[in-house]
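I would like the entire structure built from these sequences, with the hints used as guidance.
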Amino acid sequence: MFDIEKIRKDFSILERKIWDDKLLVYLDNAATTQKPKVVINALVEYYENYNANIHRGVHKLAEEATSAYENVRAKVKSFLSCDEASEVIFTRNTTESINLLAYSLGESLNDGDEVLLTEMEHHSNIIPWYLLRGRKKINIKFIPITDQYELDYEKLEKLIVKGTKIISITHKSNVLGTVNDIKKIAKLAKDNGSILIVDAAQSAPHMKINFTDLGCDFLSFSSHKMCGPTGVGVLVGKKELLEKMPPFLGGGEMIRKVTFEDFTLNDVPWKFEAGTPNIADVIAFGVAIEYIQKIGLENIHKHEIELTKYALDKLSKFTFLKIYGSSDASKRAGIITFSNPVVHPHDIATIIDQDGVAIRAGHHCAQPLMKRLGVSATARASFYFYNTEEEIDIFVSVLQKAFDYFEVGACKELKGESKERVSK
Amino acid sequence: MIQMKEKTQSQALPHLDELYKEIILEHYRKPCGREPLDKVDYHAEGMNPLCGDEVRLSLCMKDKKIDKVHIEGHGCSISVASGSILADMLRGKTIDEAKRVSRYLKDLMHDKSNKEKIDIGDLEALEGVKKFPVRIKCALLPWTTFEEALVGHEHVEIS
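Chains as they are written, first to last, in the numbering used here: chain A, 1 to 424; chain B, 1001 to 1159.
If you are wondering where the hints come from, they were derived from the structure by calculation, not from laboratory data. Every residue gets a Cβ at the ideal spot worked out from N, C-alpha and C, and that includes glycine. Misleading hints may appear alongside valid ones.
Covered by chain B, per the in silico footprint, the following chain A stretches (three or more residues, Cβ under 8 Å) [what the hints assert, rightly or not]:
id : region
1  : 339 to 349
2  : 361 to 367
Here are the simulated BS3-like pairs of lysine-lysine, each with C-alpha atoms no more than 27 Å apart in a straight line [what the hints assert, rightly or not]:
id : chain 1 : residue 1 : chain 2 : residue 2
3  : B       : K1131     : A       : K17
4  : B       : K1131     : A       : K22
5  : A       : K17       : B       : K1130
6  : B       : K1030     : A       : K322
7  : A       : K165      : A       : K141
Written out as structure tokens, the structure reads:
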């Protein structure tokens, strides 16, 4: 059952007062989410009771730690409905997962091969490919977005050509909230023999994902955006591909045998987990997965759609506000990005922070998308299952304060000048 | 642990009016230095990678003094106002005098003592920014760009 009052009690931070007497209204969940007590306790329990390095020791602690760590792989397998736990690789974050792929898959690319991205990518799904382009003579192309903030599927089909070896795409935009049709793209990719990579950093915490059903070859996301600790990312991939790929980092754990002349590789997934991994945080991430599954991803998704609908409705009274993304809440659940030419997003964020409301202002690590939208920065409120309609009411009322402060809507002269400034 | 909790929770709320002084808002609304220059002696482009704020700054010299400043870009009220104050203040100053003003503002933001005797004019209005540490970079961006123009891109001609 979805009992929000009970859920909120699991998060001590939600009782935190900002500036002495303002209750925290945390609406920056697309950046990172808060952690329930069970997750924090799991970290303490590990360090207090069974802290040991994994996979090598024969002692009791090592066995307990190894088993707890490897159990999380099985939890991720069931969380994503992939075929085998060995298809799950732990990294530091989504960014590292994509870097691993760009590096390892990149090895097999030839001059003139193409990598296809979209205009709505986070820098973490752009820069690894730019780095690859520095090593190999590959071309990088971007699938455009429409004025309705969706991928242009017509152009997408034309952009997939013989040389398209890799398509790497976000599942859900961290700015627009747009959810892309991965199944459709997976079919096109498969027909063309292209590898499809999905950045699920913004989707996995909020909606049920079935890796096999989606049909992509690789998918990655981060623990910290779904109630888990920072420092843990997941990369899942089809086993036959992972087995063929060269390793990313070298060192302990990823080898089977080392001599003075050479080495042999360990099996998948350990081949990709060089060095002592982030044992404590992976174990606590497993607890976060259980916690989220107990609440239920369907419930989370539904609650976020309701909140988004409620917020879009309340925000509609600010007619001078530009809101990016679909007006249909179910198509952009959880993320509302907006701007106004008079008051800069930074100023909005500073002013509402005075009332304890935390949102994000800036380019959201998506500068090419900002350029496409014709702005240098936007403000973003993003929700999670513990947010309430009361919090959105507070958010909207303090936004009013910010607009009043800058006399938004009242000062035409200022609007004209700002427009001129942008057009220069 | 308890100590940390007390520390994080006992911050006094800095008043918004300290950040957004009327002079700052005036500069934001009607920024100085928007007129294009006939000739450019120093030019640099500055960017705050954290937020995407951009500043393009050009200086035109006459008789070893800054004759005119042109500044444009995108930014929040603090960075736009700071750029406007820069354009207004540096006119008529030698490069050395201008550098001293820039140093003064940096010291002011970082709470370092600065015994320079200079006429700080509207710069005083930026003092409140230091109570909002995340916004210090906004206030300094135009000035950092000015310093970059002097060292890295001397006498760059732009059409």
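### Task
Of all the hints given earlier, name the ones this structure violates by number, lowest first.
Failing hints: none at all.
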